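Novice: Numbering of the sequence shown is given in my numbering, commencing with residue 582 and proceeding in unit increments.
Simulated from the structure, these hints should not be mistaken for laboratory data.
Hints are supplied without guarantee of correctness; some may be wrong.
Claimed, not checked - List time: in silico DMTMM-like cross-link candidates among lysine to aspartate or glutamate, alpha-carbon distance up to 20 Å:
| hint | residue 1 | residue 2 |
| --- | --- | --- |
| 1 | 696 | 685 |
| 2 | 585 | 613 |
| 3 | 686 | 666 |
Predicted model, so just to flag it, every value in this text is computed and none were measured.
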Amino acid sequence: MSRKVSIIGGGFSGLSSACYLAHSGMKVSLFEKNAGLGGRARQCIIDGFTFDMGPSWYWMPDVFERFFADFGKSVSDYYDLELLDPGFRVFFSDAQLDVPFGREKLEQLFEKIEKGSSQSLRKFLDSARY
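Go ahead and model the full structure; you've got the sequences and the hints to work with.
Specialist: Next comes the structure, spelled out in structure tokens:
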């Protein structure tokens, strides 16, 4: 008889935990409060605008590649990545702002908005490096 486990939350952590536990032979039940899975990876579409419910950047691709490889798959079996530049557009009540791809261009944008802010951005990005 296989052991049973319940997982609360269908975001990346809950889904990946469910996959690994099921792969090890456990009977897994996953419970999610929202209508769809994905947690902060979900999107909301309102009046033709798409809003990411969480991160907009694809950080740490090696983590995703390792996850799929653990199950004999490749990320390319499920999705193709496309470089977007600008990466996204931010709308304000009286303006819009295109956020560019690339650290140098992003630092230039930050400097244009607030002098000296690129140093804080650089510090943050360095601390977030995986």
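Novice: Are the hints correct? Go through all of them and say.
Specialist: Now the hints, each set against the structure:
1. Distance restraint check for residue 696 and residue 685: the Cα-Cα separation of roughly 15 Å lies within the 20 Å cut-off, and the hinted pair is therefore satisfied.
2. For the given pair, residue 585 sits about 17 Å from residue 613 by alpha-carbon distance, which is consistent with the 20 Å threshold.
3. Of the pairs offered as hints, the one joining residue 686 and residue 666 holds, with about 10 Å between alpha carbons and a cut-off of 20 Å not exceeded.
Of the hints listed earlier, there is not a single one the structure fails to meet.
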